[in-house]
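> Those protein sequence lines, which keep their order, are chains A and B.
Once you know that position 372 of the first sequence is 372 in the numbering used here, the rest is easy, because the numbers rise by one and skip nothing.
Positions in the second sequence are counted from 1; adding 1000 to them yields the numbering used here.
Keep in mind the hints are simulated off the structure, nothing from the lab.
Keep in mind that the hints are not guaranteed to be accurate.
Said to hold, decoys possible - No more than 20 Å apart at the CA atoms, straight line, and that leaves these computed lysine to aspartate or glutamate pairs for EDC-like:
1. B:LYS1068 x B:ASP1054
2. B:LYS1169 x B:GLU1109
3. A:LYS566 x B:ASP1084
4. B:LYS1135 x B:GLU1109
5. A:LYS591 x B:ASP1084
6. B:LYS1169 x A:GLU581
7. B:LYS1176 x A:ASP574
8. A:LYS591 x B:ASP1075
9. A:LYS639 x B:ASP1154
10. A:LYS591 x B:ASP1154
11. B:LYS1169 x A:ASP190
12. B:LYS1169 x A:ASP588
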Amino acid sequence: MLTQSDHLQAKRVELILQQLEELPTLPAVAARVLQVAADADGTVDEIVSLISSDVALTARILQLVHRADLGAGADAITLQRAVVLLGFEAVRNAVLAVSVFETFAGSNSHPTQFSREEFWKHSVAVACCAELLAEAIQTADGRDAGFSPSEAFVCGLLHDLGKVALDAILPKSSARVVEAVDLLRSNIADVERMVIGLDHMVVGKRLAERWELPQIIRETIWLHGQLPEALPASVKYPRMINVVTLADLTVREQHLGYSGNWTFTLNRKRLIEAIGLTQQSVDDANSKLMDRVGSRARALQLGQASTQELYQQALMRANQELGRVSSQLAAKNKRLVVRAQFFDVMSAFQGELRPDASPQNVLRAIGQTAVGVLGVTCIGAFSLTPGQGFAEVLLFDESGDIFESSLVDCPRPPTGGESGDGPVLHAGNELDWLLSAISPRLVGDQRFWICLNAEETCVGGVVWGAATGESQRLGTQTQELSAIAGGWALALRTAQIRDESRAIAEQLAEANRRLQSAQSEILHSKMMTSIGEMAAGAAHEMNNPLAVISGRSQLLSGQLTDPKHKAMAHLIYDQSHRLSEIITELMDFAKPVPPRPEETDVADLISRALHDAKQHTDPADRTIELTMGDVPPVMVDPKQVAAAMTEVMDNALSATDASSGHITIHAAFDPYSSRVAVTISDNGCGMDEGTLKRAFDPFFSSKPAGRRRGLGLPKALRWVESSGGSMRIESRPDQGTRTLILLPAAASAAGQSGEVSRKTAT
Amino acid sequence: MKSVFTTGEAAEICKVSQQTIIRCFDSGRLRGFRVPGSRFRRIPRDALIAFMKDNGIPPDALDSGKLKILVVDDDPEIVELFVDVLERDGRFEVKTANTGYDAGILTQEFGPDLIILDYMLPDINGNVVCQTIRKNPNFEHMKIVIVSGVVNQDEINDLLKSGPDDFVKKPFNIEKLIERIGEMLAT
């Protein structure tokens, strides 16, 4: 699938290639010569007459051929003789070299960094080198290399044709490419693809196709600079490509001319092997390079540089290059040192963190690293969990120790945006909430901070004081500070999230516990309800046989004459009725009657209860003391609460000795809780801890016999609680029992006491 | 002592069919009156005694003067207890039923002076039986006592709404129950 940008890129490339059409064509003569030379039927005369039609061309050709000629006398040569002597091919190549060179040579009108002269020097040097290598191949193989040295010369000369073409079409982009290559020290083709969208190899190939240059040249233009292994299998002239690549490499190393790219990282040894030469023969060839370049350059009218000048220029350039590289290395080194320091800081920071670190732990680590990184004496670090509304703030001294920690309300979380390029921000209004709390502790007259952002939200920050110009002071460390701030933010947010999830987990556990207890309450009440229903059903079922027992025993008792037997029958009657009562009570307890609270006088309640209790148990010689404080009416179900009190008094009466028993009943009002406390104390036998604990359990009774069923206190508790009161028992064996019943005061009573307090206030 | 009889009661006392009584009533041979505003026939006690004398019917049934009590309970032991207690007293003629349906039929046939009615019956609950009887003006003199082992006060209140003359909780004191029955029938 192609993305939108891929489509745009493809379109742009097509446009660039179309512009190639606008480039100057080859001179007509050269084109024709190429045609004729390629034609098997072409004759020497045809070529000669063609070249002769262009006087300048003829002169150059002759000059070029003369220099290339092996031993032929300079004056003796004619065009005809040269063609015969050197063959079509050499002449054609000479024509080509001269023509192409002339096409581009003069068109350097843009003030770019790309110097045409330097470029052609480079091209001629590569051409010469390739020619020398081709000659070396011929010598070494003793047979045809598949191409002539003059072909190698042309291929070398034109291998970077695409570069001039690009420079002619897109001068600005080419200049940018050259700049970028210089800066990044990377492969020019990669940069071209990045900046322009296609590289000079492709452009060169297209132009060569348009100009109908021979295939060997096209392939060289297209594929030079590739590793031998990387060449496609369909390539016809791999050896030539490798020769030009090697020549290019050699020339760059010797800094002959400049083609916008000095970086070349190919493996020389493998290239030499692929070509089939030895290191020695390559070295021999290279030794002749400078002389050859000098003569060829002159022939192409590339300045009048002598061999020595060429050497000097090359050396100078090499030196310049070396200097530049070393200064770049020094700068890089400096940055690396700074970076290393930051890495140390970061790794120290990471080392401080445990996998389950809390936001406080992370804040401490942040503060400690920040003191070192920023080089200031006092620093504040804060954690701001999104949605929390307050920040945890820690203050650190210069040794990274915490000297203050606090929670500060944060009404509106800062955004930390728009106030500069780097991470160091001027602390503005959005940090007032924090600065108002900690500013006096910071040094300097200006306040700066780094906003720690996660998911585009401020989750915390580092704040410090300094003089003006802090962002400039830290300006060189922008990248590193950003990276560290990112690390801090990430660690802090992670801890916050962990904290939040921990809090949620705790809340869940708490909710779970509450649910569980609620469930057990529900279960209890369900159990009581079902007991109630069962008891209701059972009561009805049991009362039928009880009615039979009761009735029959009564009939029996009427028929019996022996008073003893009569009493027995009567006992049966009584017991059946007692059993029926128990059933009724059990059902009442399980299915209590809902209370009907009304404003009730406490003294009335107590006297009613005491009256009932005295009915149950004869007080005999027991002393019963009743004291009443100033007590307001209570809001309770009078019947139920009186019955509850009766139960307590019943117990007090039965627990005390008939002669020495002493029971006190006291009522008092507690205005704070708005409750009336009724205390019933006795000096009876009391209860041990075990009995006390189970005092409110239904059917629990410590007394094996004599005592009635154990529903009294549980029922009393239920009645008191259903009226909104509470009940507590304190007891010690042989010391007596004290029962406290708290009852809610009626609302009118609370209003009265409120009235009183208002009065005292005015 | 009962002073007015329905045709059903008169038929039972005279040991003839109700149709016979109705024919005699309609032909004027048995003196009586119709309940004002309705067609129900009523026979005063003296008219019935005169009719029995005229026709040579032995006056046993009428003279027994026994109060008729219908005991309705699905528990046979309870029923037996009531029968024993009531018959021991000697003032009562007792019939029993185990279901609401039987209770309805016997109420018609037997015409009890008082019904002792259990609440939980296998078919129709006692309160429904009570309500049905109360709707029928023929039975307006009939006394109803509901007897039940129900302990829930709400349920007891519901029972009282169906219109009984009294409620007695099981188990009960038989002496007090007899006393109460005597009181109710005297009015």
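> Confirm or reject each hint.
Verification of the supplied hints:
no. : hint                  : in the structure
1   : B:LYS1068 x B:ASP1054 : 26 Å, violated
2   : B:LYS1169 x B:GLU1109 : 28 Å, violated
3   : A:LYS566 x B:ASP1084  : 19 Å, holds
4   : B:LYS1135 x B:GLU1109 : 17 Å, holds
5   : A:LYS591 x B:ASP1084  : 37 Å, violated
6   : B:LYS1169 x A:GLU581  : 11 Å, holds
7   : B:LYS1176 x A:ASP574  : 15 Å, holds
8   : A:LYS591 x B:ASP1075  : 27 Å, violated
9   : A:LYS639 x B:ASP1154  : 17 Å, holds
10  : A:LYS591 x B:ASP1154  : 12 Å, holds
11  : B:LYS1169 x A:ASP190  : 109 Å, violated
12  : B:LYS1169 x A:ASP588  : 16 Å, holds
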